[in-house]
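> Sequence:
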Amino acid sequence: MDPEYHQQSSYFDVSANRFAQNLLSELSPAHELELGALADYLSLPPGSTLIDFGCGSGRVSLYFLERGYHVIGVDVSRKSLNDLEKYYRTHKNPSWGRFESRPTLPSAAKVRAIAGADVLHHVNISRYLPLFHRLLVPGGKIAFSEPNSYHFPWYIHYFTNHIPWSIEKGIMQCSLFNFRRLLRKAGFDSFTVRGHGLLPTPLFNSFPNLCRVNAMRWGNFPLLRLFAFRYLVLAQKH
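Numbering that gives the first Met the number 0 puts the first residue of the sequence shown at 0, with every later residue one more than the last.
A portion of the hints provided could be inaccurate.
Below, computed lysine to aspartate or glutamate pairings styled on DMTMM-like, alpha-carbon distance capped at 25 Å [unchecked claim]: (1) Lys-91 - Asp-12; (2) Lys-91 - Glu-31; (3) Lys-85 - Asp-117; (4) Lys-78 - Glu-99; (5) Lys-168 - Asp-188; (6) Lys-91 - Glu-65; (7) Lys-85 - Asp-188; (8) Lys-184 - Glu-99; (9) Lys-78 - Glu-65; (10) Lys-168 - Asp-117; (11) Lys-236 - Asp-117; (12) Lys-78 - Glu-167; (13) Lys-236 - Asp-39; (14) Lys-78 - Glu-3.
Calculated directly from the structure, the hints in this document are not laboratory data.
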């Protein structure tokens, strides 16, 4: 087994290293804006199936499941998948979409969309973007939310929360210019890398209007986009 794969799997097998499940039932304004932006870009027809790559505890998966979409959750951590399956069985209602989980991407399935959050910086992006491109039907889209390597407070966050650099070092791949280069190389000829927040979006959870302005406008201004809090990596296959 690839040592980095094993390390990521072992780290995220620990529930404390994932998005807290007790926060899944009521997302904060910052997370609602983040996932809403991904959903708006994907514009999926009702009942569509998408892949949540790096689904973890289910922050992205559950957002789409609750809206009636079917989700294939993919994650290296089998403990994460087991916990998410249990959460889904316990909380689902008839209006939710179907959920299935697997430890690797399907080899042949064609889907309309692949989405995720805080996952691309845990993998070799140059390897996975071409895989996503092959898995999409013509017109299919990808939508990911990732930390920006030029946003210095991320490094403070890792240090103060004792998050191992070996787990988060992939953030160095996540720059505006590198995302654009790799999307083009992977065959996506229609794409955008949008800044999401200039300041960390969770800082404004108590001020929803300010949270929206910061998330949807400030981080996407020219030049300021270089230092955005997050990037929304959005692309379509033609």
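> It remains to establish, for every hint, whether it holds in the given structure.
Hint by hint, here is what the structure shows:
For the hint pairing Lys-91 with Asp-12, the CA-to-CA distance comes to about 23 Å; that is within 25 Å, so the pair holds. Between Lys-91 and Glu-31 the CA atoms are separated by roughly 19 Å; this keeps the pair inside 25 Å, and the hint holds. For the suggested pair Lys-85 and Asp-117, the alpha carbons sit about 22 Å apart, so the restraint of at most 25 Å is met. The hinted pair formed by Lys-78 and Glu-99 meets the criterion: a straight-line CA distance of about 14 Å does not exceed 25 Å.
Straight-line distance between C-alpha atoms of Lys-168 and Asp-188 comes to about 28 Å, which puts the hinted pair past the 25 Å bound. Under the criterion of a C-alpha separation no larger than 25 Å, the hint pairing Lys-91 with Glu-65 is consistent with the structure, at around 8 Å. With a C-alpha separation of about 39 Å, the suggested pairing of Lys-85 with Asp-188 is violated against the 25 Å cut-off. Annotation: proposed proximity of Lys-184 to Glu-99 is violated, straight-line Cα distance about 31 Å (limit 25 Å).
For the hint linking Lys-78 to Glu-65, the alpha-carbon distance of about 22 Å falls within 25 Å, and the restraint holds. About 12 Å separates the Cα atoms of Lys-168 and Asp-117, which keeps this hinted pair within 25 Å; it holds. Distance hint between Lys-236 and Asp-117 is fulfilled; the C-alpha atoms sit about 22 Å from each other, no more than 25 Å. For the proposed pair Lys-78 and Glu-167, the alpha carbon gap of about 20 Å is at most 25 Å, so the pair holds.
In summary, the hint linking Lys-236 to Asp-39 is supported, as the alpha carbons are separated by about 17 Å, within the 25 Å threshold. For the proposed pair Lys-78 and Glu-3, the alpha carbon gap of about 17 Å is at most 25 Å, so the pair holds.
Consistency note: the structure conflicts with the earlier hints numbered 5, 7 and 8.
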